[in-house]
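Let the hints inform the model, and build the full structure from the sequences given.
Chain order of the listed sequences is A and B.
Counted the way the working numbering counts, the first sequence spans residues 1 to 63.
Counted the way the working numbering counts, the second sequence spans residues 1 to 408.
Where hints are given, some of them may not hold.
[What the hints assert, rightly or not] Computed list of lysine to aspartate or glutamate pairs in EDC-like fashion (alpha-carbon distance at most 20 Å, straight line):
1) B:Lys-82 with B:Glu-71
2) B:Lys-40 with B:Glu-29
3) A:Lys-9 with B:Glu-62
4) B:Lys-40 with B:Glu-5
5) A:Lys-9 with B:Glu-52
6) B:Lys-28 with B:Glu-333
7) B:Lys-82 with B:Asp-13
8) B:Lys-88 with B:Asp-232
9) B:Lys-121 with B:Glu-156
10) B:Lys-28 with B:Asp-11
11) B:Lys-28 with B:Glu-18
12) B:Lys-326 with B:Glu-56
13) B:Lys-59 with A:Glu-52
14) B:Lys-59 with B:Asp-98
15) A:Lys-9 with B:Glu-56
16) B:Lys-59 with A:Asp-6
17) B:Lys-326 with B:Asp-337
18) A:Lys-9 with B:Asp-98
19) B:Lys-40 with B:Glu-18
20) B:Lys-88 with B:Asp-73
21) B:Lys-40 with B:Asp-11
22) B:Lys-28 with B:Glu-52
23) B:Lys-326 with A:Glu-52
24) A:Lys-9 with B:Asp-95
[Claimed, not checked] Some residues of chain A that are not near chain B, with every Cβ distance over 10 Å (derived):
25) Met-1
26) Leu-37
27) Thr-60
28) Glu-62
Quick caveat, the hints were computed from the structure, so don't treat them as lab data.
For every residue, glycine included, the Cβ atom is placed at its ideal position computed from N, Cα and C.
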Amino acid sequence: MRICVDRSKCSGHALCAATAPDLYTLDDDGYSNVGELDVPAGMEDLARRGMETCPERAITLED
Amino acid sequence: MRSLERVPVVDFDHHSPEFNADPDAAWKELRETCPVAWSKNHGGFWVVSDYEGNHEVLKHHEVFTSERWPEDDGYGTAFIPKSAQGEKTLPLEVDPPDHIGVRQLLNPLLSPNASEAMRPKIARWTARHIDAVIERGECDLVYDITSPVPAHITLEWLGFPLEHADETSTAFHDMLGTAPGTEVFNRGLEAVLLTFELLRESVVARRAEPRDDVITYLIGREVDGKPMSDDDIVNLCIVLVGGGVDTTTSLTSSALVHLNRDRKLRQRLIDNPDLQRPATEEFLRMHPPLATIARTVRQESELRGCPVHPGDRVLVSRHSANYDTKQFENPEEFIPDRFPNRHVSFGLGVHRCVGSHLARLMFQEMLGQILERMPDYEIDETSIDPYPDRGFAQGWVSLPARFTPAGR
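Printed below as a string of structure tokens:
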């Protein structure tokens with residue numbers, strides 16, 4: 001599974017990081033600095049929950 | 001030729017007595033029958049009341065701008081009707097690219113980490129205000145706690161003289177909570193003008209003698225290659241106070257009223273303090289302090305199938321979006337651990353509330369300490385009133401309450 005964050009859509013709500021801080025990291029301004037990330041095995045559910053919190057719909061998951 | 005007819009038309013006025021008699025019912029009717037509609041009131045405006053409409057407007061600033069038009073003649077455009085003439089407010093009334101510079105200045109000050117670092121101060125100001133009333137067994141939850149606590153935290157952070165913090169918090173609360181023209185509103189207005197004056201003095205003082213505060217941080221900073229003037233700094237501070245203080249007050253007040261009416265929920269949050277964090281999102285969803293926000297159409301476009309034209313005003317209801325059944329199952333029900341909970345109370349897109357992380361912490365600390373130290377608080381429901389006009393801001397004017405007295 002792969003996380004894709006459209007950083008142009010990120011507005012700094014930071015709810016992804018509050019939900020799954022090990023996957024969704026932030027820059028000093030509190031905006032996502034993820035871009036793309038391969039989800040380590042066993043963390044798929046966390047990745048999904050983090051994606052679901054984003055009010056901007058900036059996060060997608062690819063299998 | 002393209003028709004400039006704007007349909008469907010509804011007779012809707014978010015400042016009318018009919019609306020304010022029951023805003024929830026008014027939004028529900030609009031959302032379920034006509035989620036994008038044209039009202040001829042206040043010079044004409046689109047009113048958008050569903051969840052998808054909020055996304056469409058707030059995330060497309062290239063079509064739905066926050067900027068003022070030359071035709072606006074200096075009037076503020078964040079509200080409908082427009083607010084008084086004056087300097088445009090940063091960063092509220094500028095879109096990218098100009099918007100970016102101001103946000104880059106503010107973001108690191110209010111990021112999740114920066115807000116977290118303020119937690120000890122938040123806890124201290126909350127405890128101090130509860131200490132002041134805890135032995136009495138009665139207080140006004142608004143004037144004694146939910147209004148002064150966010151004010152002291154924010155004003156100390158800015159570098160504002162704290163001996164005037166109570167006047168300032170009361171002033172902003174009075175202005176949001178009462179109708180223009182009333183005695184209380186005018187008292188508030190006068191005190192807000194004093195706040196401007198005191199901020200100006202603080203900027204001058206910090207230039208001479210820098211301290212570790214936001215005013216000092218802003219002095220000498222540049223926005224788009226130009227150093228900020230004293231006026232720029234004062235205006236920005238006013239936005240930070242106005243945007244962050246009474247909004248947090250009203251969220252906390254609304255939660256306290258909610259828990260006065262739902263004792264089972266109150267007990268659940270007392271027994272499971274871990275639930276207070278997710279419940280914060282549900283309080284935000286059901287009681288957004290700022291119900292609406294306005295934009296102006298910048299270019300010919302369509303809004304959910306309705307043709308919109310340059311210059312058209314657009315009112316977006318975040319409150320209504322938060323009750324949209326297409327996004328939230330059983331929206332009338334308070335579900336403390338609702339997941340996901342993608343409410344739009346802090347807005348969406350580039351203008352998302354810059355203080356959201358600090359606001360959450362202030363709310364959680366006030367709620368947590370009140371539930372711990374005055375768990376049996378009882379609000380006198382016979383003498384409380386919501387803000388008389390809930391077309392923009394919503395909250396409670398005052399909340400007299402009794403509780404079992406305790407030691408400091």
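We went through each hint and held it up to the structure:
At roughly 12 Å between alpha-carbon atoms, Lys-82 (chain B) and Glu-71 (chain B) fall within 20 Å of each other, so this suggested pair holds. With a CA separation close to 18 Å, the supplied pair Lys-40 (chain B) and Glu-29 (chain B) stays within the 20 Å bound. Between Lys-9 (chain A) and Glu-62 (chain B) the alpha-carbon distance is near 14 Å, which keeps this suggested pair within the 20 Å criterion. A hinted pair counts as satisfied when its Cα atoms are at most 20 Å apart, and Lys-40 (chain B) with Glu-5 (chain B) qualifies at roughly 12 Å.
For the proposed pair Lys-9 (chain A) and Glu-52 (chain B), the alpha carbon gap of about 16 Å is at most 20 Å, so the pair holds. A distance of roughly 15 Å separates the Cα atoms of Lys-28 (chain B) and Glu-333 (chain B); the hinted pair therefore holds under the 20 Å criterion. Only pairs whose Cα atoms come within 20 Å are accepted, and Lys-82 (chain B) paired with Asp-13 (chain B) is accepted, the gap being roughly 14 Å. Distance restraint check for Lys-88 (chain B) and Asp-232 (chain B): the Cα-Cα separation of roughly 10 Å lies within the 20 Å cut-off, and the hinted pair is therefore satisfied.
Restraint check for Lys-121 (chain B) and Glu-156 (chain B): the C-alpha separation of about 9 Å stays at or below 20 Å, so the hint holds. About 15 Å separates the Cα atoms of Lys-28 (chain B) and Asp-11 (chain B), which keeps this hinted pair within 20 Å; it holds. Between the alpha carbons of Lys-28 (chain B) and Glu-18 (chain B) the distance comes to roughly 14 Å, so the proposed pair stays at or under 20 Å and holds. For a cut-off of 20 Å, the pair hint linking Lys-326 (chain B) to Glu-56 (chain B) stands: about 15 Å separates their Cα positions.
Taking the CA atoms of Lys-59 (chain B) and Glu-52 (chain A), the gap is about 18 Å. The hint holds against a cut of 20 Å. Between Lys-59 (chain B) and Asp-98 (chain B) the alpha-carbon distance is near 17 Å, which keeps this suggested pair within the 20 Å criterion. Of the pairs offered as hints, the one joining Lys-9 (chain A) and Glu-56 (chain B) holds, with about 13 Å between alpha carbons and a cut-off of 20 Å not exceeded. Pair hint Lys-59 (chain B) plus Asp-6 (chain A) holds up; C-alpha atoms about 13 Å apart against a cutoff of 20 Å.
Straight-line distance between C-alpha atoms of Lys-326 (chain B) and Asp-337 (chain B) comes to about 19 Å, which keeps the hinted pair within the 20 Å bound. Restraint check for Lys-9 (chain A) and Asp-98 (chain B): the C-alpha separation of about 17 Å stays at or below 20 Å, so the hint holds. For the hint linking Lys-40 (chain B) to Glu-18 (chain B), the alpha-carbon distance of about 16 Å falls within 20 Å, and the restraint holds. Of the supplied pair hints, the one linking Lys-88 (chain B) and Asp-73 (chain B) holds, its CA atoms being roughly 11 Å apart against a limit of 20 Å.
At most 20 Å may separate the alpha-carbon atoms for a hinted pair to count; Lys-40 (chain B) and Asp-11 (chain B) meet this at roughly 7 Å. Annotation: proposed proximity of Lys-28 (chain B) to Glu-52 (chain B) holds, straight-line Cα distance about 15 Å (limit 20 Å). With a CA separation close to 15 Å, the supplied pair Lys-326 (chain B) and Glu-52 (chain A) stays within the 20 Å bound. Of the pairs offered as hints, the one joining Lys-9 (chain A) and Asp-95 (chain B) holds, with about 15 Å between alpha carbons and a cut-off of 20 Å not exceeded.
No beta-carbon of chain B is positioned within 10 Å of the beta-carbon of Met-1 (chain A); the least distance is around 18 Å. No beta-carbon of chain B comes within 10 Å of the beta-carbon of Leu-37 (chain A); the shortest separation is about 19 Å. Remark: the non-interface label on Thr-60 (chain A) is consistent with the geometry, its nearest Cβ contact in chain B lying 15 Å away (cut-off 10 Å). Residue placement check: Glu-62 (chain A) keeps its beta carbon more than 10 Å from all beta carbons of chain B (closest about 19 Å).
Consistency with the previously given hints is maintained throughout, with no hint failing.
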